[in-house]
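Start from chain A and add chain B according to the hints.
Each chain, letter by letter, is given below.
2 protein chains.
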Amino acid sequence: MEEAHYSNIHLALVHFPVYNKPGEVVVSSVTTLDVHDISRVCRTFGVGNFYVVTPLKTQQELVERLIGHWMKGHGARYNPTRKEALLKTRVIKSLDAVVADVTEQCGEKPCVVVTGAKQVPNSIEFGTLRKQLQEGRPTLLVFGTGWGLEKNLIRNADHVLEPIEGNSGFNHLPVRGAIAIILDRLLGRS
Amino acid sequence: MEEAHYSNIHLALVHFPVYNKPGEVVVSSVTTLDVHDISRVCRTFGVGNFYVVTPLKTQQELVERLIGHWMKGHGARYNPTRKEALLKTRVIKSLDAVVADVTEQCGEKPCVVVTGAKQVPNSIEFGTLRKQLQEGRPTLLVFGTGWGLEKNLIRNADHVLEPIEGNSGFNHLPVRGAIAIILDRLLGRS
Chain A
1 MEEAHYSNIH LALVHFPVYN KPGEVVVSSV TTLDVHDISR VCRTFGVGNF YVVTPLKTQQ
61 ELVERLIGHW MKGHGARYNP TRKEALLKTR VIKSLDAVVA DVTEQCGEKP CVVVTGAKQV
121 PNSIEFGTLR KQLQEGRPTL LVFGTGWGLE KNLIRNADHV LEPIEGNSGF NHLPVRGAIA
181 IILDRLLGRS
Chain B
191 MEEAHYSNIH LALVHFPVYN KPGEVVVSSV TTLDVHDISR VCRTFGVGNF YVVTPLKTQQ
251 ELVERLIGHW MKGHGARYNP TRKEALLKTR VIKSLDAVVA DVTEQCGEKP CVVVTGAKQV
311 PNSIEFGTLR KQLQEGRPTL LVFGTGWGLE KNLIRNADHV LEPIEGNSGF NHLPVRGAIA
371 IILDRLLGRS
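Protein chains in written order, with our numbering: chain A, 1 to 190; chain B, 191 to 380.
If we strip away everything but chain A, and leave its shape as in the complex, we get (with noise of 0.2 Å):
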């Protein structure tokens, strides 16, 4: 079995800044169960680091206190797979902080694509990004949690992703979800 190689790939899901449902900008609060699904979907389809970003030391301590039981504690014992999904999750204070890292461990910037329920013009389709991901390119792809992800960092980065339509007016998957379609239409086999 041909094994596609993404570590190249990293992901972002980010807590700060995004807005809440009045508009304002916040920090949200981390879901362990975002950690857990998105870790499992990550290692799936084998992209590099899954980076939760949040700038509270608190729900840092509460990430990294997730990941030391199924690692280390009992968890590990009682269920490996949770272990092997939770290899290359990582806690992180801001967005910048985690293109450093991938910039450190890649040699060279990482393309930042952030995604979003919103059309936005000129945004970069499925299509075209997977083939760029295949070339090879260090790729960093942001998701944001609450009601999405302030306009600047929207604004700063290399590309949009287009949105996922499904078949209805109906614009609000779960993050978890949209990370599980967005990576399997990304990196899936065809």
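Hints in this document: simulated from the structure, not taken from any laboratory. It should be emphasised that the depicted structure is a prediction, and the values quoted were computed from it without experimental measurement. One or more of the hints may lead you astray.
What the hints assert, rightly or not - Residues on chain A that point at chain B, a partial pick, calculated with CB under 7 Å: (1) ASP37; (2) ARG40; (3) ARG43; (4) HIS172; (5) PRO174; (6) LEU187.
Glycine residues also receive a C-beta, built at the ideal position from the N, C-alpha and C atoms.
Below, chain B without anything else, positioned relative to chain A:
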């Protein structure tokens, strides 16, 4: 914008009979987040009903309370999107009851397609099932929780869908993620 109509396609999330880690047949617990996530994904792809299957009265009541909160309570005003997502979510005691309900609605017995992480002989491929769904035949897509659907349930199905293969040997997607990917592959715009 042309809208596809998949109201003949229904989805069931089964909490009994499923396996636990040691391989015993058990009732798994309902995860409330599953109810929200899967409802949102179903709504995005325009499918018919989403059935949460559990024989336990207390768990049925839990799901009904959750749906009631977002349909009629404070939740309906606070977040109408959740209300919209839950409009076609039902809780029901068994898979047989789901089949009976779908049969009554569609006027014919649905084609039952079970899903799972394992390769099985004679499974139906995504492309083939996609075509079949476009032809409009009533279909019930069945997903298991815990460590997977009990074997007789799989044996009695009309089809077993081929598993999702990622780009690694890792084969442990969360059911929420698997459903998102499978609906996108079967019903998403190509």
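Cross-check of the supplied hints:
1. Using the Cβ-Cβ criterion of 7 Å, the hint placing ASP37 (chain A) at the interface with chain B is satisfied: the shortest such distance is roughly 5 Å.
2. Taken as an interface hint, ARG40 (chain A) checks out: its beta carbon lies about 6 Å from the nearest beta carbon of chain B, inside 7 Å.
3. This hint holds: ARG43 (chain A) has a C-beta 5 Å from the nearest C-beta of chain B, less than the 7 Å allowed.
4. Taking 7 Å as the C-beta contact cut-off toward chain B, the hint placing HIS172 (chain A) at the interface holds, the least distance being around 5 Å.
5. About 5 Å separates the beta-carbon of PRO174 (chain A) from the nearest beta-carbon of chain B, less than 7 Å, and the hint is met.
6. A hinted interface residue such as LEU187 (chain A) counts as satisfied when its beta carbon comes closer than 7 Å to some beta carbon of chain B; here the least separation is about 6 Å, so the hint holds.
Against the hints set out earlier in the document, no violation occurs for any number.
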